[in-house]
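K.L.:
Residues in the sequence shown are numbered consecutively from 6, following the working numbering.
A couple of the hints might just be wrong.
[Said to hold, decoys possible] Cβ-Cβ distance ranges computed for the label pairs, FRET-style:
hint: 1; residue 1: Asp-76; residue 2: Gly-8; range: 51 to 61 Å
hint: 2; residue 1: Ile-15; residue 2: Lys-73; range: 42 to 52 Å
hint: 3; residue 1: Phe-82; residue 2: Lys-27; range: 17 to 27 Å
hint: 4; residue 1: Pro-71; residue 2: Lys-11; range: 21 to 31 Å
hint: 5; residue 1: Lys-11; residue 2: Phe-82; range: 38 to 48 Å
hint: 6; residue 1: Ala-37; residue 2: Met-78; range: 15 to 25 Å
hint: 7; residue 1: Lys-7; residue 2: Val-67; range: 44 to 54 Å
hint: 8; residue 1: Leu-9; residue 2: Tyr-64; range: 47 to 57 Å
hint: 9; residue 1: Lys-73; residue 2: Leu-16; range: 45 to 55 Å
hint: 10; residue 1: Pro-71; residue 2: Lys-7; range: 48 to 58 Å
hint: 11; residue 1: Met-78; residue 2: Ile-56; range: 27 to 37 Å
In case anyone wonders, no lab produced these hints; they're calculated from the structure.
Idealized CB from N, CA, C, for every residue including glycine.
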Amino acid sequence: MKGLIKIAVILGVVVFVAFVAKNEIVRWAVKAGVKSATGLSAHMNRADLGITSTHIGFYGFVLDNPSKYQDRMFATFPKIFINYNFGD
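Put together the whole structure using the sequences plus the hints.
P.N.:
As C-alpha cells, then:
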C-alpha cells in the first residue's frame, strides 16, 4: 500500500512540474526541432501553450543565419500563432 501511495505522489509531482513548465518544454522542443530540421539556430522570447484552448503562440521568434553569412538574423517574427484541432 505504501508503495502505491509513493508512486501516486511521484506521478502527481511529475504532472505538476510538467504543467508548470509546459511553456519552457514547448520552447525547448521547437528550438531543437528547428535546429534538427534546418540546421539553423532559433530563439524566442516566450512560448505559450494553451491548456484549455487549442493554440500555441510564439513571441519574439528569431531564426539565425548560418555563420558564413554577414547578417546574424535570417528572419524575425514578432508573433506566431498556431491553432490546432485534434478531432473532426
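K.L.:
Are the hints correct? Go through all of them and say.
P.N.:
Quick rundown of the hints versus the structure:
{"no.": "1", "hint": "Asp-76 <-> Gly-8: 51 to 61 Å", "in the structure": "58 Å, holds"}
{"no.": "2", "hint": "Ile-15 <-> Lys-73: 42 to 52 Å", "in the structure": "48 Å, holds"}
{"no.": "3", "hint": "Phe-82 <-> Lys-27: 17 to 27 Å", "in the structure": "21 Å, holds"}
{"no.": "4", "hint": "Pro-71 <-> Lys-11: 21 to 31 Å", "in the structure": "49 Å, violated"}
{"no.": "5", "hint": "Lys-11 <-> Phe-82: 38 to 48 Å", "in the structure": "45 Å, holds"}
{"no.": "6", "hint": "Ala-37 <-> Met-78: 15 to 25 Å", "in the structure": "19 Å, holds"}
{"no.": "7", "hint": "Lys-7 <-> Val-67: 44 to 54 Å", "in the structure": "50 Å, holds"}
{"no.": "8", "hint": "Leu-9 <-> Tyr-64: 47 to 57 Å", "in the structure": "42 Å, violated"}
{"no.": "9", "hint": "Lys-73 <-> Leu-16: 45 to 55 Å", "in the structure": "48 Å, holds"}
{"no.": "10", "hint": "Pro-71 <-> Lys-7: 48 to 58 Å", "in the structure": "56 Å, holds"}
{"no.": "11", "hint": "Met-78 <-> Ile-56: 27 to 37 Å", "in the structure": "32 Å, holds"}
Hint check: violations occur at hints 4 and 8; the rest are consistent with the structure.
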